[in-house]
Amino acid sequence: MDYERLIPKKISDIQPSGIRRFFDIAQRVEGVISLSVGEPDFKTPWAARKEAINILEKGKTAYTANAGLIELRKTVCNYLKDFINTEYDPGSEVIITVGGSEAIDLAIRAMIEPGDEVLVPEPSFVCYSPITTMMGGTAVPIVTRVEDNFRLTAAALKEKITPRTKLLILPYPNNPTGAVMRREDLEAIAEVLRDTNIVVASDEIYAEMTYNGEKHVSIAQIDGMKERTLVINGFSKAYAMTGWRLGYVAGPQPIIKQMLKLHQYCIMSSPTVSQYAAIAAMEKCDSDVKHMVEEYDMRRRLVVKEFNDMGLPCFEPEGAFYVFPCIKSTGMASMEFCEKLINEKKIAVVPGSAFGASGEGYVRVSYAYSIAHLTTALDRIREFLEEHKK
Amino acid sequence: MNTNKLLDLLRQDARLSNKELAVMLGETEETVEAEIKRLEGDGIIMGYSAIINEEKVDEYGVTAIIELKITPIKDRGFDDLAHTIMEYEEVDSVFLLSGANDLSVTISGTSLRNVALFVSERLAVLDGVLSTTTHFILRRYKEKGHIFNEDNFDDRGLVSP
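Chains Y and G are the protein sequences, given in the same order.
Quick note, my numbering runs 26 ahead of the 1-based positions in the first sequence.
Quick note, my numbering runs 40 ahead of the 1-based positions in the second sequence.
Careful, some of the hints might be misleading.
Pairs of lysine-lysine, BS3-like flavour, derived with a Cα cap of 27 angstroms [as the list claims (entries may be wrong)]:
(1) Y:Lys316 / G:Lys59
(2) G:Lys182 / Y:Lys316
(3) Y:Lys316 / G:Lys109
(4) Y:Lys354 / Y:Lys331
(5) G:Lys59 / Y:Lys76
(6) Y:Lys310 / Y:Lys69
(7) G:Lys77 / Y:Lys331
(8) G:Lys45 / Y:Lys69
(9) Y:Lys100 / Y:Lys331
(10) Y:Lys86 / Y:Lys100
(11) G:Lys184 / G:Lys59
Covered stretches of chain Y (chain G as the covering partner; in silico rule of three or more C-beta atoms under 8 angstroms from a C-beta of chain G) [as the list claims (entries may be wrong)]:
(12) 60-74
(13) 313-327
(14) 396-402
Ranges of calculated distance between the beta carbons of each label pair, as one might list FRET restraints [to be verified]:
(15) G:Phe193 / Y:Asp221: 51 to 57 angstroms
(16) Y:Gly85 / G:Thr68: 55 to 61 angstroms
(17) Y:Glu309 / G:Asp132: 42 to 48 angstroms
(18) Y:Glu97 / G:Thr43: 40 to 46 angstroms
(19) G:Thr68 / Y:Arg406: 46 to 52 angstroms
(20) G:Thr43 / Y:Glu309: 30 to 36 angstroms
(21) Y:Glu362 / G:Gly83: 51 to 57 angstroms
(22) G:Thr68 / Y:Asp405: 22 to 28 angstroms
(23) G:Gly81 / Y:Glu412: 37 to 43 angstroms
(24) Y:Ala180 / G:Ser57: 40 to 46 angstroms
(25) G:Lys184 / Y:Asp335: 29 to 35 angstroms
No lab work stands behind these hints: they were computed from the structure.
These numbers were taken from a predicted model, which means no experiment stands behind them.
Quick reminder that beta carbons are idealized off the backbone N, C-alpha and C, glycines included.
Excised from the complex, chain G in its bound form (with noise of 0.2 angstroms):
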């Protein structure tokens, strides 16, 4: 079983069935279904999720990327303060930063005075924190490898010898 196939082609579309991927990586389909299993139950798969154009969502709200500065902690690095923000609803992802900011903190589906009040509420005040800094997206051309902008037609003719 190639397993990085297995998730080259789920990276690429999730929705593919154990029968496609099967007859694809040339495996019997109870193989790749044990093998989906596995990844799932050793958190290598942590879950399927769609990838939306956001702008052609009626009353979608705004992506933000919030990226702090914090104090870390002897011996607990910047993990503390990580867990208490990613426990919170409204963010989507936590990351860990090299370079001038530590933390990159992605919150969406909101309205930009939701994204300010939380900032100000919920991020700014906490112990640690030294700064932020707010980036709204303003327009996606792309994400996960798919490209949202409509010309990315195929510009090979529609028929070829």
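Here chain Y stands alone, though its shape is the one from the complex (with noise of 0.2 angstroms):
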């Protein structure tokens, strides 16, 4: 066999992303202490897994509808009414994918073809431009600084413009800088967009965890922005339900149609014990969500000072679950840096270059872990920067 002749070059010259490269290293160190995870460390709400022991129980297991059980799209047009003020048709304007991470792939593969340029924030999460080059499509990075917050500015996105230009990711509250985009940022973005012909897809999955007082703002919710704008949510980080694969997508009637067609030839339908369940998280868990916000927003403060009073400048996060220090002064580049702190200190933290160009200098600590897990491992990164320091 020549399995080489049979894998069409843009699939085999896609490299793995390095967050993979980075966790084959990890891997081969023993007994490490990783603050590397993009999940929660809290178990799903016990409503939702006592809902999913129902349906099983009741033996719900066939397909559902192929843009999922119509009750769970209501209930997620309520929550986004309720969430970001904006109405969506449960019946034409949303789908229930898995995970949010098939919504992304979806409007992608939906909109792009070849010739066709996708906007990408940069440093951001890593599926983004790998599915637009699957599609013979153009991923353009557009970096952000942490002068600017690491929010997409209006002037940046205006350079990266083109007749091409057919999607904006918007990911934010983002992964990995923990950024978020405020109202009046939106606006000026909006501003940028409303005479394009350019859709945005807005990948909102760490909503939920915003912090400092300052409530999620949605670009759907900007004059003029609903009908060019595909949010993007899903269960696994506000109701932590990562392993239950369940996010949704809500947009414009011209593109879910599109996209369905996509969904239902690929997936069918999203799991349904999944889907019920969802329907529990979004109704009960409401307290757990609150819970686990304030957790997070905790040791947020924790780990923003004990980076900051070790001498790794951090900026502070507004949203998700991720601090993403400066290690420049170290004189290491971020890929030099990981494997050193894994190889001296057996903690794993991810090079910020595995993020998009523009995160090499930084790494990506997340601390969805235990306050005590969290002190650990501060302690021990705040050991090896005193036994590198020049």
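Put the two chains together into one complex; each comes in its own frame, and the hints tell you how they fit.
Written as structure tokens, this is what we have:
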């Protein structure tokens, strides 16, 4: 067999993510204390787990409608009306997907063909560019800078728009920086986009995790933007349901209709038990979410303060559950820093470069861990810095 | 100052420094220090102790929970006997219970023989004690929120996006 000839070049050319490469390194070291996990340390709230058990006992295990249970779509629409003050029709403007990831995949696949450009603010989550490349499109990074609080600015956006631009990914609250876009920042972005034919794929998976009293604002809420925005969210982070694989996308019917075709042929329908559990999560677990967010907030303050105190300037994140300290003062590149830290102190943090070239000079630290775990790990990082002081 | 949050944090880990507590609660170190002093003064925080996995300590001895049925005294209820028992140095805790038994008494760090002697010579003979039932703790699985099982590791991967 000549397997190489079987695989299209655009597939074999795709590189495994930098996170994957670092994972391979981390796995070779024993007894690692990880600060590298991008998922909650909480268990799924009991009400959601109980509903799943109930549904299994009743044997409700058949496929659902392609777009997902209508009850869940209605629940999602109620949630969006309440949370981002935006109304969607459960019958035609929402798809329940296999995680937010599938929603991102559907959005890009439904819209991008060779020659098209997708704007991707960086540093950011790792999947937007490879999917664009697979569709023959071009991912155009827009560098965000710590000076701008890692927000996307109207000026930076304008600079990258060309007649070929079709889609803007808006990944806020941001993984890995923890940056959020405030209403005034979104207004400025909307101002640039309003007269174009560009669609925004707004990846809001961390929307429930915002701090400092700033409530999440979606670009879909800004005047004239709902018709050009796909709101992508899911249950993984807010309800600690990563393994249930459930997310959703809400947006204009003409795009949703096309995305639904892809979803139908590729997935059929999202996991049924997860869908029922998700209804319970949205309807009964507000207090659990509140509790988790309060916990994250306490850890966030602690971790930011500790990094700043140990001499690694750390931007104060207002969302998600990551901090993104700058390690340039050590004179090391981010991959080098992370490799040495794991080999010498058995602490795993992710090199910022895994999230795009502009993440070089930073590392991503997750605080989805217990306080005891965090303080132990921070002590070791402090030791590491002392030992490498020049 | 969110006192409940402060208490929650101390319940999880009483060794967090005032500085760490202050950062997490968004308060000054002085405010936290003063609040802890107040809680201690008001008898809300009664002390700080370690949670020890006694199975791993050589010759630590056994722990027993002894449940007692007792006769309440008019106007005094169960308090007199509870006070007598709590004065014994061997005793770790004394609780008044609802249900079939009345008092629960815990003693730890001793031998089977000492527990037997303690029950027969010091508890059972007290006026008003009708019966005793002694339970030895065979294994600890979880105590004050801490799971003792070593397999209780983080089942999330080491690194994920």
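A quick look at each hint next to the structure:
no.: 1; hint: Y:Lys316 / G:Lys59; verdict: holds (25 angstroms)
no.: 2; hint: G:Lys182 / Y:Lys316; verdict: holds (26 angstroms)
no.: 3; hint: Y:Lys316 / G:Lys109; verdict: violated (44 angstroms)
no.: 4; hint: Y:Lys354 / Y:Lys331; verdict: holds (18 angstroms)
no.: 5; hint: G:Lys59 / Y:Lys76; verdict: violated (40 angstroms)
no.: 6; hint: Y:Lys310 / Y:Lys69; verdict: holds (15 angstroms)
no.: 7; hint: G:Lys77 / Y:Lys331; verdict: holds (25 angstroms)
no.: 8; hint: G:Lys45 / Y:Lys69; verdict: holds (20 angstroms)
no.: 9; hint: Y:Lys100 / Y:Lys331; verdict: violated (42 angstroms)
no.: 10; hint: Y:Lys86 / Y:Lys100; verdict: holds (19 angstroms)
no.: 11; hint: G:Lys184 / G:Lys59; verdict: holds (24 angstroms)
no.: 12; hint: 60-74; verdict: holds (count 6)
no.: 13; hint: 313-327; verdict: holds (count 4)
no.: 14; hint: 396-402; verdict: holds (count 4)
no.: 15; hint: G:Phe193 / Y:Asp221: 51 to 57 angstroms; verdict: holds (54 angstroms)
no.: 16; hint: Y:Gly85 / G:Thr68: 55 to 61 angstroms; verdict: holds (57 angstroms)
no.: 17; hint: Y:Glu309 / G:Asp132: 42 to 48 angstroms; verdict: holds (44 angstroms)
no.: 18; hint: Y:Glu97 / G:Thr43: 40 to 46 angstroms; verdict: holds (41 angstroms)
no.: 19; hint: G:Thr68 / Y:Arg406: 46 to 52 angstroms; verdict: violated (28 angstroms)
no.: 20; hint: G:Thr43 / Y:Glu309: 30 to 36 angstroms; verdict: holds (31 angstroms)
no.: 21; hint: Y:Glu362 / G:Gly83: 51 to 57 angstroms; verdict: holds (54 angstroms)
no.: 22; hint: G:Thr68 / Y:Asp405: 22 to 28 angstroms; verdict: holds (23 angstroms)
no.: 23; hint: G:Gly81 / Y:Glu412: 37 to 43 angstroms; verdict: holds (39 angstroms)
no.: 24; hint: Y:Ala180 / G:Ser57: 40 to 46 angstroms; verdict: holds (44 angstroms)
no.: 25; hint: G:Lys184 / Y:Asp335: 29 to 35 angstroms; verdict: holds (30 angstroms)
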